[in-house]
Amino acid sequence: MGILRLSHVELRVPDLELSTAYYTEVVGLVETAHEDDRVYLKGWDEQQHHSLILRYAPTYGVETVAFKVQHPEDLDELAARIEARGIPTKRLEAGDLGPGSGTTIRFRAPSGHTTDLVHGMAQIGNALPLHNPPPEPPGLVGIHPPRIDHVFLMCEDVDEITAFYTDVLDFRLTEQIVADDGHQLATFLERTHTPHDVAFITGPQGAFHHLAYWVDDWNDLRRAADTCAFHGVRIDAGPTRHGATRGWGLYFFDPAGNRNEVYTGGYWADPDREPVTWTEAEMGRAVFYYEGVVDQSFLTEHS
Amino acid sequence: MGILRLSHVDITVPDLELAKAYYTGVMGMDLTEETADRAFLKCWDEEDHHSLAVRYDPRVGMDRFTFKVEREDDLDELEDRVERYGFAVQRVSKGEEVGQGESIRFETPSGHEMELVHDVVKVGGRTAKVNPEIPFGLRGIAPPRMDHLLINAEEVGDACRFYMDVLGFRLTEQLLGGDGHPIGMWMERSHSPHDLAVVSGPNGALHHFAYWLDDWDHVRSAADILAYNAIQVDVGPTRHGVTRGNTIYFFDPMGTRNEVFTGGYRPDPDFPTITWTEDNIGRAVFYYEGEVNERFVSVHT
Numbered sequence: 001m002g003i004l005r006l007s008h009v010e011l012r013v014p015d016l017e018l019s020t021a022y023y024t025e026v027v028g029l030v031e032t033a034h035e036d037d038r039v040y041l042k043g044w045d046e047q048q049h050h051s052l053i054l055r056y057a058p059t060y061g062v063e064t065v066a067f068k069v070q071h072p073e074d075l076d077e078l079a080a081r082i083e084a085r086g087i088p089t090k091r092l093e094a095g096d097l098g099p100g101s102g103t104t105i106r107f108r109a110p111s112g113h114t115t116d117l118v119h120g121m122a123q124i125g126n127a128l129p130l131h132n133p134p135p136e137p138p139g140l141v142g143i144h145p146p147r148i149d150h151v152f153l154m155c156e157d158v159d160e161i162t163a164f165y166t167d168v169l170d171f172r173l174t175e176q177i178v179a180d181d182g183h184q185l186a187t188f189l190e191r192t193h194t195p196h197d198v199a200f201i202t203g204p205q206g207a208f209h210h211l212a213y214w215v216d217d218w219n220d221l222r223r224a225a226d227t228c229a230f231h232g233v234r235i236d237a238g239p240t241r242h243g244a245t246r247g248w249g250l251y252f253f254d255p256a257g258n259r260n261e262v263y264t265g266g267y268w269a270d271p272d273r274e275p276v277t278w279t280e281a282e283m284g285r286a287v288f289y290y291e292g293v294v295d296q297s298f299l300t301e302h303s
Numbered sequence: 001m002g003i004l005r006l007s008h009v010d011i012t013v014p015d016l017e018l019a020k021a022y023y024t025g026v027m028g029m030d031l032t033e034e035t036a037d038r039a040f041l042k043c044w045d046e047e048d049h050h051s052l053a054v055r056y057d058p059r060v061g062m063d064r065f066t067f068k069v070e071r072e073d074d075l076d077e078l079e080d081r082v083e084r085y086g087f088a089v090q091r092v093s094k095g096e097e098v099g100q101g102e103s104i105r106f107e108t109p110s111g112h113e114m115e116l117v118h119d120v121v122k123v124g125g126r127t128a129k130v131n132p133e134i135p136f137g138l139r140g141i142a143p144p145r146m147d148h149l150l151i152n153a154e155e156v157g158d159a160c161r162f163y164m165d166v167l168g169f170r171l172t173e174q175l176l177g178g179d180g181h182p183i184g185m186w187m188e189r190s191h192s193p194h195d196l197a198v199v200s201g202p203n204g205a206l207h208h209f210a211y212w213l214d215d216w217d218h219v220r221s222a223a224d225i226l227a228y229n230a231i232q233v234d235v236g237p238t239r240h241g242v243t244r245g246n247t248i249y250f251f252d253p254m255g256t257r258n259e260v261f262t263g264g265y266r267p268d269p270d271f272p273t274i275t276w277t278e279d280n281i282g283r284a285v286f287y288y289e290g291e292v293n294e295r296f297v298s299v300h301t
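Heads up: the sequence lines are chains A and B, in that order. So in my numbering, the last one in the first sequence is 303, and the numbering has no gaps at all. So in my numbering, the last one in the second sequence is 301, and the numbering has no gaps at all.
Same shape as in the complex, but just chain B (with noise of 0.2 Å):
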């Protein structure tokens, strides 16, 4: 019932065609389908059309960002609370958006347009149905899934209040400036750590999106897998003291940055809150470094 997970982020990147050889190449997602100005893009396990959307802009920046609902009537449900809420919501109906079926969109109290979807096209994913292999050979980091996002708020309380509040969302954890006003908030649908953060910054900005690595050992091979193409990193391979993951951050060529995560835990529905206070910033962010640098809480798109 309700919001089941996180369903695709559509970026916008200047160049479609490098945008397109990095996601393949490097990252190692499928090319689903192609239109004059858009790309899509999935993960080896997904099932569905795509979890990446990349659209031609001479900005580098974000469209929405796309949460999939369990049951189809969870739509209607949502669209009312929103209204009542006092956003505008508008409906997209089937066949006019690539991949999916009837959604719907508004602007959230962070500036980000917010969709969320129920029927979605289903392409399948790389294994079979009957006697499945173990995929083999797979190219670049190769992640089995998308995982979360994180995005930028002005007024990270507010923003919050909206996506608990109105949409369910449950709160894992905290950072709480010295003054008690909240610098970072994580939340989650999916019964892990976070489907959806928001940090203190510029509203309607991404920080990153997350794809998800089984473990460790993964996230060691996607680092010799970024260095060998060249691609910036920004931190990691490391720890977080927030969801307790293993994690490296990057910037695609475009400058939209990205992380591998995997590891932390499963809270239930009831799970208290954890919080982290503002003296204890670094080791929230990053343990192991046990301080943020300046690119990371400046950087977004």
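In isolation and in its complexed conformation, chain A is listed as follows (with noise of 0.2 Å):
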């Protein structure tokens, strides 16, 4: 019942042809559609049509963030609920979004990122056979994450996103980073029982600060890193641990400048589960357990 989970994320990229090649060559994704401007990819895992949509503009940054709900009724009773704070939504059928798209309720969050909530993305299957299955598949490239794990966004009021995606979107709160004067700097939501699907983190209204994918351990971590540095492309931390979700990451960037992240381990967290605070005095090990300080890059640097 409800949202079950992250769905996909559009990114704009001023060199659609580039931002392709590194997604499909560096990051592994496998490439399921392809328009003028937009091109359509998923984690070689992923049954659904798509988990990244790369959308051609002369900036870079988030288009939109997408939700998948559980049951087709969800999408009403949630844009009843959006409406009746006060923000207006708009239903787009299954097609009308592109290749693969569902039924899809759009609605601009009080963080400022357009935001869809989806049911019955086209099921395309993974990379293997529904008899007898290897654990893999041959011939992946790259790191080869299997799927989508959370997205990470910017705005300038925390503690109000947070409000809205608890109350109206029934996320729960499993970590957060609390200043001195007690607002929220940071705050970490779930709706699969693992320490995240969205995270906010303060900064400009509608940015971007990563999109992560997960990997299965951390020796998956190792090789990323390898393959992030063979391709030339540029590491911003780690692999290193994080305090909050308790998990390991990876940061890179893509080449339009958006933060990629391939994240593994974290929790299981029960719907009851009382969340972590992190302090700010603690914000250091918060975000990057082995180092404790966070580096002016992570901080200042989104899309």
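No lab work stands behind these hints, which were simulated from the structure alone. It is possible that some hints are incorrect.
Said to hold, decoys possible - Straight-line C-alpha distance at most 25 Å; calculated SDA-like pairs for lysine to any residue:
| id | chain 1 | residue 1 | chain 2 | residue 2 |
| --- | --- | --- | --- | --- |
| 1 | B | K129 | A | F152 |
| 2 | B | K129 | A | H193 |
| 3 | B | K129 | A | W268 |
| 4 | B | K129 | A | D159 |
| 5 | B | K129 | A | A207 |
| 6 | B | K122 | A | T166 |
| 7 | B | K129 | A | E160 |
| 8 | B | K94 | A | R273 |
| 9 | B | K129 | A | V293 |
| 10 | B | K129 | A | P271 |
| 11 | B | K122 | A | V293 |
| 12 | B | K129 | A | A179 |
| 13 | B | K129 | A | H183 |
| 14 | B | K20 | B | E96 |
| 15 | B | K122 | A | P271 |
| 16 | B | K129 | A | R273 |
| 17 | B | K129 | A | D181 |
| 18 | B | K129 | A | E280 |
| 19 | B | K129 | A | L185 |
| 20 | B | K129 | A | R241 |
| 21 | B | K129 | A | E274 |
| 22 | B | K129 | A | D170 |
In this text the structure is predicted, and so the values were computed from the model without any measurement.
Both chains come to you apart, so use the hints to assemble them.
What follows is the structure in structure tokens.
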């Protein structure tokens, strides 16, 4: 019932060909459709049509963030709740938003991000047979994460967007970084019983911090770092551990300047798990547990 | 809504002291409560009172297994559904069972006693709620949490129809015999490859319960700890074809099979079921070895 998980993210890129080459050959996503101004991609183990859309634009940043709902009637219920909050919504039918797209409720969240709730995206299957499948298909290239994990966004008022996500969209708060004056610097929110499906950190309205793909373990992070280094991809931070979420991550930038992460670890969060709080003084370890300090680029570079 | 995840497994052991020593010293669980003939244990990252209860009994076996439901009113709804299916449901009142409040218990078509609970005593995990340290110096294998259990049934298809149609489990994978008869079925509620699985065998039996480990490195160190403590390893470290997970099977000193498990995938509720055929049974169960050993098929408790 309600929102199931992060469905997909649409990113702006000024060079569609270069970005497509990067996301297919370095990250190792699978291209599923190509239009004049948009390319659709997914992790190899994903059953659905896409988890990333690259859209040609003269700049970078996030165009849309989309969540998958479990039942078709969840769309109506959530749309009514969003409208009751004074935010207009728009309904788009399957196919309206391009190849594979499902029925969609679109609205602008208080954080300034265009946000979609989706049901019924085309199922195209992973790269494995449904009879006697091997654990992984042959011929994967690059980092080849199996699936999307979470998205990290920025906005001016983290308290406000957190209240919207928890009250209206039924997300649950797992962790927060709280400033000395009591306001939320960053919050981590989940629907999948993982540490986070979406997170917010203080910054410009509508800004994008990073998109994370899941990898299965720490060894994969090491190989991902090797892959980035080999291809001359700029690594931002890691491989390292997060204090918040307890996961391990590697941050790097796509050719347009959008930050990517590969992530693993974390924990199972029951719906009634009491949230973890990090104080401002411990923000360094909350973000980078081993280093204990957050580097400037991590805080100031966004798209 | 409905069943959330596996809550706890209640097994019987002929030596309570030995069981406590093994599950705390080798497995690395924490003892949370003891009564005259029972001990209650949890993993370090679990916040609920226990995920394993051991009870003294001359025979090794399983008393019941318990799943946690998301909301309190899920108990009423599922009680109604089980009764409409034709099974008697027993209400257990708050205060009757250690570490939890009201629950419902019933016998399933596979001959197991199953329990559903919502209200569980919270004892908290090992880490703080403000600026938590990553836990350090944990004892034994120290899995963060329980993951799933696998039980036996004479009629796997009938058994699973109950778990799916009445309790809302979703089928992720199945192993079919040459005649199309199911030999094994893997079902989930937690968007993991399995929370509950059923394979052919005697009704009412437990094949194993499994702890989650975070990765293959942890599986390797678990194997080292098992070897050091002279624990009988059944199979592994290896890979499953079914669930795609990595694993070791071993026996506690009383004879109950344990597993440590990692990997797998994250199925949506609309995940298409994967089918394994009998001619691929070896790789379905043990992907590297390609064959199932006799002990794995014949030993259960």
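Results for each hint:
no., hint, result
1, B:K129 - A:F152, "holds (22 Å)"
2, B:K129 - A:H193, "holds (17 Å)"
3, B:K129 - A:W268, "holds (15 Å)"
4, B:K129 - A:D159, "holds (19 Å)"
5, B:K129 - A:A207, "violated (29 Å)"
6, B:K122 - A:T166, "holds (23 Å)"
7, B:K129 - A:E160, "holds (22 Å)"
8, B:K94 - A:R273, "holds (21 Å)"
9, B:K129 - A:V293, "holds (20 Å)"
10, B:K129 - A:P271, "holds (16 Å)"
11, B:K122 - A:V293, "violated (33 Å)"
12, B:K129 - A:A179, "holds (16 Å)"
13, B:K129 - A:H183, "holds (17 Å)"
14, B:K20 - B:E96, "holds (23 Å)"
15, B:K122 - A:P271, "holds (13 Å)"
16, B:K129 - A:R273, "holds (10 Å)"
17, B:K129 - A:D181, "holds (19 Å)"
18, B:K129 - A:E280, "holds (15 Å)"
19, B:K129 - A:L185, "holds (17 Å)"
20, B:K129 - A:R241, "holds (18 Å)"
21, B:K129 - A:E274, "holds (8 Å)"
22, B:K129 - A:D170, "holds (22 Å)"
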